[in-house]
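The whole structure should be built from the sequences, with the hints applied where relevant.
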Amino acid sequence: MGLTSQSTGRSTTREIFNIKRNNNEPVIALAGNPNTGKSTLFNALTGLRQHTGNWPGKTVLRAEGSFIHNGRRYTLIDLPGTYSLLANSADEEVARDFICFAKPDATVVVVDATCLERNLNLVLQVMEITSKVIVCVNLIDEARRKKLRVDADKLSKKLGVPVITTAARSGEGLPRLMDVISDVVWGRLTPKPKLVRYTGEVEEAIARLEPKVRAAVGDGINARWVALRLLDGDTKLVQAMEKFLSEKEIVRVAQEVLA
Amino acid sequence: MSTEAALDSLMEEARSITGSSQSKVRDSIVNSIYQTAENIASDVVSCTSPKRTDWDRKIDNILTSRVWGFPIMFGVLAVVFWVTIAGANVPSSMLAAGLFWIEDRLTGFFMAMHAPAWFYGFLVLGVYRGLAWVVSVMLPPMAIFFSMFTLLEDLGYLPRVAFNLDRFFKKAGAHGKQALTMSMGFGCNAAGIIACRIIESPRERLIATLTNNFVPCNGRFPTLIALASIFVAGSVSLSFSSALATLAVAGLVAFGIAVTLFVSWTLSKTLLRGEPSSFTLELPPYRKPLVGQVLIRSVLDRTIFVLGRAVVIAAPAGGLVWILANTMVGDASVLSIVAGWLDPMARFMGLDGFILLAFILGLPANEIVFPILIMSYVSGGTLMELDSLADLRYLLVDQHGWTWLTALCTLVFSLCHWPCGTTLFTIQREQKNWRWTVLAALIPTTAGVVACIMLNNLVCALGLVY
Amino acid sequence: MNNTVSLGCLTNGSFALVTELVAEGLTRRRLLDLGLVPGTKVEVIRRSPVGDPIAFGIRGAVIALRKEVANKVLVNPL
Ligand SMILES: Nc1nc2c(ncn2[C@@H]2O[C@H](COP(=O)(O)OP(=O)(O)OP(=O)(O)O)[C@@H](O)[C@H]2O)c(=O)[nH]1
Ligand SMILES: [Mg+2]
Chain A
1 MGLTSQSTGR STTREIFNIK RNNNEPVIAL AGNPNTGKST LFNALTGLRQ HTGNWPGKTV
61 LRAEGSFIHN GRRYTLIDLP GTYSLLANSA DEEVARDFIC FAKPDATVVV VDATCLERNL
121 NLVLQVMEIT SKVIVCVNLI DEARRKKLRV DADKLSKKLG VPVITTAARS GEGLPRLMDV
181 ISDVVWGRLT PKPKLVRYTG EVEEAIARLE PKVRAAVGDG INARWVALRL LDGDTKLVQA
241 MEKFLSEKEI VRVAQEVLA
Chain B
260 MSTEAALDSL MEEARSITGS SQSKVRDSIV NSIYQTAENI ASDVVSCTSP KRTDWDRKID
320 NILTSRVWGF PIMFGVLAVV FWVTIAGANV PSSMLAAGLF WIEDRLTGFF MAMHAPAWFY
380 GFLVLGVYRG LAWVVSVMLP PMAIFFSMFT LLEDLGYLPR VAFNLDRFFK KAGAHGKQAL
440 TMSMGFGCNA AGIIACRIIE SPRERLIATL TNNFVPCNGR FPTLIALASI FVAGSVSLSF
500 SSALATLAVA GLVAFGIAVT LFVSWTLSKT LLRGEPSSFT LELPPYRKPL VGQVLIRSVL
560 DRTIFVLGRA VVIAAPAGGL VWILANTMVG DASVLSIVAG WLDPMARFMG LDGFILLAFI
620 LGLPANEIVF PILIMSYVSG GTLMELDSLA DLRYLLVDQH GWTWLTALCT LVFSLCHWPC
680 GTTLFTIQRE QKNWRWTVLA ALIPTTAGVV ACIMLNNLVC ALGLVY
Chain C
726 MNNTVSLGCL TNGSFALVTE LVAEGLTRRR LLDLGLVPGT KVEVIRRSPV GDPIAFGIRG
786 AVIALRKEVA NKVLVNPL
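Protein chains in written order, with the numbering used here: chain A, 1 to 259; chain B, 260 to 725; chain C, 726 to 803.
Simulated from the structure, these hints should not be mistaken for lab results. The reader is advised that the hints may include incorrect statements.
[Unchecked claim] Here are the simulated DSS-like cross-link-like pairs (lysine-lysine), alpha carbons at most 27 Å apart as the crow flies: (1) K792(C) x K430(B); (2) K430(B) x K283(B); (3) K283(B) x K212(A); (4) K797(C) x K429(B).
Everything numeric in this text was worked out from a predicted model, so none of it was measured.
Here is the structure:
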């Protein structure tokens, strides 16, 4: 089977990632630091039984499932945990590539309520790539036990994206989370991420690079973010970008998928 | 201009903007992000009670202490084995009784139908028996061990093991997270191989991949346990026997760990030379596992897993063994002829031809090795009821001349031989290079053959046996 | 306050502020990802039974580093 006209743009990227999904099912990615409860949340939402375990690195492969909310089906992707989007190991690469190049319709960043500061590092990075971000402050039961209070409304205001507190293991907060996911996917709620302001020098350099990046890679991927990665010399990411963005590769992979 | 070329030239440009201070720019970027995170977090998180006892620290003070760290680690391992050994006995013999009761009914049914002997033999004595053996001997220990292990995992103990052991892996030129991939290997070596993805450095990941098989997986555990129970514990009173068997199994696992470290060290000094990479490991807080849920789920999981594999692998293997044992060439069966070919080599290693053949036929899955062996022993001699360890002992020792040395060599070879088919397939998929896959089979096999030959000849030379 | 030492030398229970990373390449990136940027407060929590690796409290999590890696983090003891 050859390439059809549909296999361009978004659907092609999806084919690269080989997501088994029906045409118009929105794709939701679960990202986050290791051991924050992504797989537990995934299981709670999809009813599947992804392995979970109390150590960072339990999930190393992408898993896929779906849930139905208000009569609509959503595809949910469980990703390996990662400390940052500057990936080092094979499992983290899986997560980075998906968040950066698969263009999920929403990305839920699962964070650990008991060490928010460390987890916000990833949230801020994800917000630079996509605006469709929802922050899920998980393990809220544990935070309560440790007498920590997280002000979700304030956090939401500071970040500019919706924030939901959950305890995935007991199911607390999940209905709210699903509501917000659907709101973001269908455009009833538009997150407006407040991006990190860098130092003067860096911002200047970004301003110089950004237009050129946009001209080169188009609107397919956030130009500011690519400019930043070019500035910090992430060669591995540039390689990945070449792999996922160059048309030759898309055609090759798409043919492989369709063959 | 192609995207590729455009990106490359942009990369050039970025480099010219930052000039020689690129690493400063990177630091400044990370710095700004963390600064922002810090500001936000300090604004939204409040602590309502300033002084609390930090239980995690208190527990870690004991579990990773200089004095207690290692004893507790081995203690925990021993408890897991002990519970498995002591707990598996009863369900095993109940399952055996039940399944062989069904076999009798099946036999009656086939007799009443006047079914041809070969048809009855293939289906009942081959296929059904293969299934029954795997389910009754292998399933209970697998399910119990897996549950215990999942509990430890959910508790958060595994990273502490990696923390305690990292120094040894460092000495061996390997990565500390190899302890985690080995832990996964206890459940299933294929899962252990996939878990190797958490190791960043390709060199260290390869070391972990090539040595994962030295950890006895769930499918090999019951064999170790059965043999240990028969030979180590068989001679003492019942109350002592599980404790002794536990010690034997724990010793064997410790031997496997020692071999892992030695082979890792050898690899990192020869084939996979290189600098140790950076090792970072997060020690998560301890969490109370949902005990009931874990137990139910892992027992169910294992049962479905074992039953599935029993149908797909053990049943056909049982049929195959029956055919081999009943196809006659001259007055010997194919099975015994092939076993005869293997016999000289096997004897030199302290085994016999049937044992080696069982290992070879067991390539698809480790849990069928022991059942195949029993079936090929039984099919040669008179049929008998085998539903307790005492019967097994009779079969092995009195009918087939096993000594404690045979058992020991079988145990060592079970620990050190080629990985099962699934694991080899996974290694190939992960490393995408057949050379590593071949090496992954060769390394443990060589280690096992050498160890068995040395052990056998040493013991015989010393006159400790016969 | 100019007594910069490497993180691996501190005794258990002490606190310090990160001043500089002397690591390069991947190790540097890893350390930055873990939150070891200049100005970060680090607590030395414990050593493994055989003395290495060492566990540190960094931004709310307990993270173990091997001694050589920890020595690439320069700090001002508090
Ligand atoms: N108390 C509590 N524990 C939770 C909650 N969510 C997850 N856990 C536990 O946290 C641990 C980690 O959960 P996982 O779902 O495996 O975490 P993960 O984010 O998928 O981890 P990686 O795959 O390693 O990135 C498990 O032991 C869970 O049982 C929660 O809301 N409350
Ligand atoms: Mg997970």
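Q.
What's the verdict on K283(B) and K212(A), does the C-alpha distance respect the 27 Å limit or exceed it?
A. Within the cut-off at roughly 23 Å; holds.
Q: Could you grab the alpha-carbon distance between K792(C) and K430(B) and see if it respects the 27 Å cut-off?
A: holds, 13 Å
Q. Does the alpha-carbon distance linking K797(C) and K429(B) stay inside the 27 Å limit?
A. It holds: about 17 Å lies between the C-alpha atoms, which stays within 27 Å.
Q) Regarding the pair K430(B) and K283(B), is the alpha-carbon distance no greater than 27 Å? A) violated, 34 Å
The structure fails hint 2 only (numbered hints given earlier).
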